[in-house]
Structures are given as structure tokens and as C-alpha cells.
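First to last, the protein sequences are chains B and X.
Sequential numbering from 17 applies to the first sequence in the numbering used here.
Sequential numbering from 2 applies to the second sequence in the numbering used here.
Honestly, the hints are just simulated from the structure, not real lab data.
Worth double-checking, as some hints may not be accurate.
Claimed, not checked - Pairwise CB distance ranges (calculated): (1) B:LYS70 - X:GLU79: 35 to 43 Å; (2) X:GLU84 - B:LYS72: 42 to 50 Å; (3) B:ASN73 - X:GLU29: 20 to 28 Å; (4) B:PRO129 - X:ASP64: 44 to 52 Å; (5) B:GLY76 - X:SER63: 38 to 46 Å; (6) B:THR42 - X:PRO71: 35 to 43 Å; (7) X:GLN18 - B:GLU58: 21 to 29 Å; (8) B:PRO25 - X:GLY86: 18 to 26 Å; (9) B:PRO98 - X:SER63: 36 to 44 Å; (10) B:HIS88 - X:GLN108: 48 to 56 Å; (11) X:LEU56 - B:ASN73: 35 to 43 Å; (12) B:LYS21 - X:ARG16: 29 to 37 Å; (13) B:ASN73 - X:LEU61: 30 to 38 Å; (14) B:PRO129 - X:ARG82: 46 to 54 Å.
Stated by the list, open to error - One side only, chain B facing chain X, incomplete, derived with CB under 10 Å: (15) ALA57; (16) PHE78; (17) PHE119; (18) GLY122.
Glycine is no exception: its CB is placed at the ideal position from the N, C-alpha and C atoms.
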Amino acid sequence: DQQVKQNSPSLSVQEGRISILNCDYTNSMFDYFLWYKKYPAEGPTFLISISSIKDKNEDGRFTVFLNKSAKHLSLHIVPSQPGDSAVYFCAASGGNRDDKIIFGKGTRLHILP
Amino acid sequence: DTGVSQDPRHKITKRGQNVTFRCDPISEHNRLYWYRQTLGQGPEFLTYFQNEAQLEKSRLLSDRFSAERPKGSFSTLEIQRTEQGDSAMYLCASSLVWGGTEAFFGQGTRLTVV
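Chain B on its own, in the form it takes in the complex (with noise of 0.2 Å):
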């Protein structure tokens, strides 16, 4: 069972526009949410990540926010930028109960000159 779903294989986005990223969960036990970051070759780096206690935060050009309810995170990059094209992974874990991290299959982002 996919616990971490991005069901978006791949967005293609025009320069200095915003990119949104979305993700959905189902485990309600999950309460710190991540977002990495892949180049081809290269192991994921992280971007940016939420606890559960908020639903907004925010970094530079990178913010994402959660909605509990709807189980739902969603990263957003303003402006985006050619080198923000690579496959983002949202990720999330339960915190001090469970805090493996678990992995969505990843969504890749194309940034049109």
C-alpha cells in the first residue's frame, strides 16, 4: 500500500512562473512531512520540511503547506527557475512513534525557457 502518493508523474512549468508540486498521504499517523530534491546520479537532497502543527512554512523560494484534513501537502517554487528541473520526492513520517521515512514515487519537473 502506497502510503505517500504523488500522483503527478511529471509537470512542466514556464520560467519565473510558480511550480506546485502536490501530495497526498494516508497514514494519520504521519506528522512531519518532507520534500527532496533529485538530480540524475546524484541521492535526494532535502528542500524543505513541516510538522504537523503547522500549515505553512516557508524558505526563500520554496514553501509548502499541509492541510490535515484532506491529508494533502502541496510544494510551491516562485519564481521558478532552469535549475529547479529535477524529481521531487515528497516524504513523511510519524515522528518519535515511527519515524522511518516513507517516500512518494516522485514527480518530475521540466522548467521551459
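Got chain B sorted already, so can you dock chain X onto it with the hints?
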């Protein structure tokens, strides 16, 4: 410290052979994770350690897979009697303390079983 280090970066082996991978985490990190990633999929959890204690092993993981972290520092992942389906990227990650800190990944070991 330059981050999580994995060795080797690439491994080609014949079916039926045993392979062992090594992961050196960031020095002060006490959590260490192993993941496997295949094409088009996200990292799949295999196992993780708190210091030298193995906290959990994925129930999807065959008995051919074993991991150790003998002194709470580096870790090894061994695959016995490799199969073609074991071909994947094997990723290691470490974190300082969970409940708020992210896990840092190494560059992975690409295994090809021929």
C-alpha cells in the same frame, strides 16, 4: 565532514554472487537509513539504525538482505545470492535526531546484476 559517503558508487555482479556495500554517515549522526530506488520509483525503505541497534527491517525485504552497524558508525548492507531483480540504486541516509531534523543522503551505490 563532507557528508554521507557510500562505497562503491557502482557495482556489477553476476547473478548468485554476494555483494556488500558500505555507508559512512555524517560523523555525529546517530540515525542511519538504507533505501533502494528503482527507475520511476521513489526511495523504498529497507532498514534503519539508531546507533548500533537495528530498529526496523522492511517486511518486504528478503532474508538475502542483511545490514549491520557494528559500532554505531559506518554501516554495511549485504545481499546474498543476488538476483536480477536486485538491480537498483541503494541509498544510505543519516540524521542527527529525529523529530525535526532532515535526513541527508549519500550519492548511492548503483548495483547491476547480470
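Each hint, compared with the structure:
no., hint, result
1, B:LYS70 - X:GLU79: 35 to 43 Å, "holds (40 Å)"
2, X:GLU84 - B:LYS72: 42 to 50 Å, "holds (45 Å)"
3, B:ASN73 - X:GLU29: 20 to 28 Å, "holds (25 Å)"
4, B:PRO129 - X:ASP64: 44 to 52 Å, "holds (50 Å)"
5, B:GLY76 - X:SER63: 38 to 46 Å, "holds (42 Å)"
6, B:THR42 - X:PRO71: 35 to 43 Å, "holds (36 Å)"
7, X:GLN18 - B:GLU58: 21 to 29 Å, "holds (27 Å)"
8, B:PRO25 - X:GLY86: 18 to 26 Å, "holds (22 Å)"
9, B:PRO98 - X:SER63: 36 to 44 Å, "holds (41 Å)"
10, B:HIS88 - X:GLN108: 48 to 56 Å, "violated (31 Å)"
11, X:LEU56 - B:ASN73: 35 to 43 Å, "violated (27 Å)"
12, B:LYS21 - X:ARG16: 29 to 37 Å, "holds (33 Å)"
13, B:ASN73 - X:LEU61: 30 to 38 Å, "holds (31 Å)"
14, B:PRO129 - X:ARG82: 46 to 54 Å, "holds (49 Å)"
15, ALA57, "holds (8 Å)"
16, PHE78, "violated (13 Å)"
17, PHE119, "holds (4 Å)"
18, GLY122, "holds (5 Å)"
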